[in-house]
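Each chain is listed here by its residues.
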Amino acid sequence: MAATISDKAAIVGIGSTEFSKDSGRSELALAAEAVKKALDDAGLKPSDVDGLVTFTIDQNEEVDVARAVGCGNISLYARVPYGGGAATGTLLQAAMAVASGVAEVVVCYRALNGRSGQRYSAGVSGTLITGSAIHYGYYMPFGLLTPASWVAMFTRRYMHLTGCTQDALFEIAQATRDYAVRNPAAFFYQRPMTRADYDAGKKICNPLTLYDCCQESDGGCAIVVTTPERARHLKQPGVSIRGVAQCIAKDQEEMTSFYRPDIARIPEMDVAADEAYAQCGLSAKDIDAAVIYDAFTPIVLWQLESWGFCKYGEAADFVQAGNLRPNGRLPSNTHGGQLSEAYIHGVNGIVEAVRLVRGTSVNQPKKAVHHALVTSGVGVPTGGAILGRMT
Amino acid sequence: MTPAETSAFEAKIRAYVGREMGPPKRGNDDVNLAMIRHWAEVTGDENPLYTDAEFAAASSRKGIIAPPTMLGIWAMEGYPMAQGHTGKVDVQRELHNIFEAHGFTGVLGTNTITEFHRELRPGDQVISHTVIDNISAPKKTARGHGYFIETVTRFTDQHGQDVGRQVFRTLRFMPSAESVAANQAQSGGDAKLKAPTRIQSPRGHDNAWWWEAIDQGKLLIQRCKRCGTLRHPPRPMCGECQSLEWDSIESSLEGEVYSYTEVSYPKFPGYPDPLLCGLIQLKEGTRLVANIVGCVPEAVHVGMKVRGKVERVDDATVLPNFYPA
Numbered sequence: 000m001a002a003t004i005s006d007k008a009a010i011v012g013i014g015s016t017e018f019s020k021d022s023g024r025s026e027l028a029l030a031a032e033a034v035k036k037a038l039d040d041a042g043l044k045p046s047d048v049d050g051l052v053t054f055t056i057d058q059n060e061e062v063d064v065a066r067a068v069g070c071g072n073i074s075l076y077a078r079v080p081y082g083g084g085a086a087t088g089t090l091l092q093a094a095m096a097v098a099s100g101v102a103e104v105v106v107c108y109r110a111l112n113g114r115s116g117q118r119y120s121a122g123v124s125g126t127l128i129t130g131s132a133i134h135y136g137y138y139m140p141f142g143l144l145t146p147a148s149w150v151a152m153f154t155r156r157y158m159h160l161t162g163c164t165q166d167a168l169f170e171i172a173q174a175t176r177d178y179a180v181r182n183p184a185a186f187f188y189q190r191p192m193t194r195a196d197y198d199a200g201k202k203i204c205n206p207l208t209l210y211d212c213c214q215e216s217d218g219g220c221a222i223v224v225t226t227p228e229r230a231r232h233l234k235q236p237g238v239s240i241r242g243v244a245q246c247i248a249k250d251q252e253e254m255t256s257f258y259r260p261d262i263a264r265i266p267e268m269d270v271a272a273d274e275a276y277a278q279c280g281l282s283a284k285d286i287d288a289a290v291i292y293d294a295f296t297p298i299v300l301w302q303l304e305s306w307g308f309c310k311y312g313e314a315a316d317f318v319q320a321g322n323l324r325p326n327g328r329l330p331s332n333t334h335g336g337q338l339s340e341a342y343i344h345g346v347n348g349i350v351e352a353v354r355l356v357r358g359t360s361v362n363q364p365k366k367a368v369h370h371a372l373v374t375s376g377v378g379v380p381t382g383g384a385i386l387g388r389m390t
Numbered sequence: 000m001t002p003a004e005t006s007a008f009e010a011k012i013r014a015y016v017g018r019e020m021g022p023p024k025r026g027n028d029d030v031n032l033a034m035i036r037h038w039a040e041v042t043g044d045e046n047p048l049y050t051d052a053e054f055a056a057a058s059s060r061k062g063i064i065a066p067p068t069m070l071g072i073w074a075m076e077g078y079p080m081a082q083g084h085t086g087k088v089d090v091q092r093e094l095h096n097i098f099e100a101h102g103f104t105g106v107l108g109t110n111t112i113t114e115f116h117r118e119l120r121p122g123d124q125v126i127s128h129t130v131i132d133n134i135s136a137p138k139k140t141a142r143g144h145g146y147f148i149e150t151v152t153r154f155t156d157q158h159g160q161d162v163g164r165q166v167f168r169t170l171r172f173m174p175s176a177e178s179v180a181a182n183q184a185q186s187g188g189d190a191k192l193k194a195p196t197r198i199q200s201p202r203g204h205d206n207a208w209w210w211e212a213i214d215q216g217k218l219l220i221q222r223c224k225r226c227g228t229l230r231h232p233p234r235p236m237c238g239e240c241q242s243l244e245w246d247s248i249e250s251s252l253e254g255e256v257y258s259y260t261e262v263s264y265p266k267f268p269g270y271p272d273p274l275l276c277g278l279i280q281l282k283e284g285t286r287l288v289a290n291i292v293g294c295v296p297e298a299v300h301v302g303m304k305v306r307g308k309v310e311r312v313d314d315a316t317v318l319p320n321f322y323p324a
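Protein chains in written order, with numbering that gives the first Met the number 0: chain A, 0 to 390; chain B, 0 to 324.
Just chain A, with the same shape it has in the complex:
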């Protein structure tokens, strides 16, 4: 049975800091600014906030954010694990809290100095003292140390089984770049990329080259979630959370699910997609635009299959037909994605999905966007959310 969560909560505010390679300030400063901007966007005061949700890997303590922003009593605080896999998971926590009355105004935030501070591309190391140290021990001695190296292993297998080529990866990279070229907030604003530029990219972990990998960025984003009733009396048109789900699927590892019968797909996203659709009675044909987590180009392909925009093995054809482009079937990552706007662990993607539904993206598709999909990072436990206009 699908959860009875559909349309019980609405997004009413979004906020982002500048995205950069060196913010020159603390992660807490970024979080506080993003949260404040999201509240301003909603026309709410910090004292209205009674819930805070973030990622387990976020370094900004709830107490510090609440104090910095000037929130009052906070009755819900929750964190979602697994890096970018937490992105839409924060919405699920917020929606559950709002739907159940545990909290009325929940802010989801994520802020990081992902380039000037701790860089994810630096990989795992023997100095890890976390619970995942034993797990990464099966990869570290062999040099399979970075997110790119783990994703490359799935990609190679997928290409082998489906005949997908580098052309599909290039199309995803270039589509996001072309959107970013028109987005002043994007790192690659006004900087287009040709096939020759792409082919000249540094080798990372084959088949992945530089422009198949997202950026590392400094910045923060925040989302305000509240009840539909309250949303009707606020500044912005409310964006309803129509469906939201997350999943750890059978035999999942953190980034290295290499031992399932088939590794060239993401079963946890299949499950989350089915659940999110079931919650609201929608299906792929109802989704007008999307923000698909793009830490690496190939992971977009598998998500298109999970969410039913094409059949298994057909995603390369789907993207190469131009379907992610402004006039395509599914304009996607219209902010430039993490490949070309900024890497804020998918929360800048939620911000863009809200804009798509509001009709305020800098690359707003010509067609009406009734429903937008936004997804979380994959390889890790993941999920997604379907946003729609509040009725």
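Please keep in mind that the hints were generated in silico from the structure rather than gathered at the bench.
Computed from a predicted structure; not experimentally measured.
Don't take every hint at face value.
List of simulated lysine-lysine pairs, BS3-like, C-alpha gap at most 30 Å [what the hints assert, rightly or not]:
id: 1; chain 1: A; residue 1: 20; chain 2: B; residue 2: 266
id: 2; chain 1: B; residue 1: 266; chain 2: A; residue 2: 202
id: 3; chain 1: A; residue 1: 35; chain 2: A; residue 2: 7
id: 4; chain 1: A; residue 1: 202; chain 2: B; residue 2: 308
Go by the hints and put chain B onto chain A.
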């Protein structure tokens, strides 16, 4: 040292205060363009006054000058002195030998104060006159117990005119236990350079047995004692029947490449180049990540038959490697 030994030692060293280090010494080279250019290059100082004759001639200096910070350089002993190969024992060396003989083996240049009285030009001679100016009272420092020695050098030119002055302060100390430990930690225990090794897996309850078998040259596969299901990587419970009882079988090391990647960037110290990582489908049915070796990267493909060998890859690490079968 006993108090009596300390006062005898202090009497010895204090006898040096006020003594000249030796006769005035003319620099090995007079001020010259070649050394000026080298200095400007290595320090990255692009001031054209030091190297551009035309520019310098047109400037208020009316010609090339030496960078003022080179003052002490002109009078320095050459490279053999720095290496300790000259065999010369001047007054300063005598004093330091006394410190060393009494256990003050540590030496640390702490600071200098330099005054520049006139700019030097190519052709100028620099003559140095150095005096051991003072020795401090005994001091407790973070490095250990010791004394600060201050020398003062006066620099004159070929006309006997004053061109500058430098105070040089050195600490001679008995290295404390803490500072010795800190030094060793910094230099890795001894002076020998160790080759970097692979990043090791931490070993805990659920995985140490597997890595210990690798160390013994065996690739094991965990097996559920109740239902016989094989599993890798090892974990404490069987996902099929929830039994906590397990044993293991030894792999034949035969298999094929299920997927692979060549890790090009970033490079990590201690790993081979090129670095090929394979997801190996073993004949027994489980998979594991391991390096593919013994072939060029272009030769690797999904489905390639491979044969493994558990072998030492560096001073600290034994791993299964897979070769083309």
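Consistency of the hints with the structure:
no., hint, result
1, 20/A x 266/B, "holds, 22 Å"
2, 266/B x 202/A, "holds, 11 Å"
3, 35/A x 7/A, "holds, 24 Å"
4, 202/A x 308/B, "holds, 29 Å"
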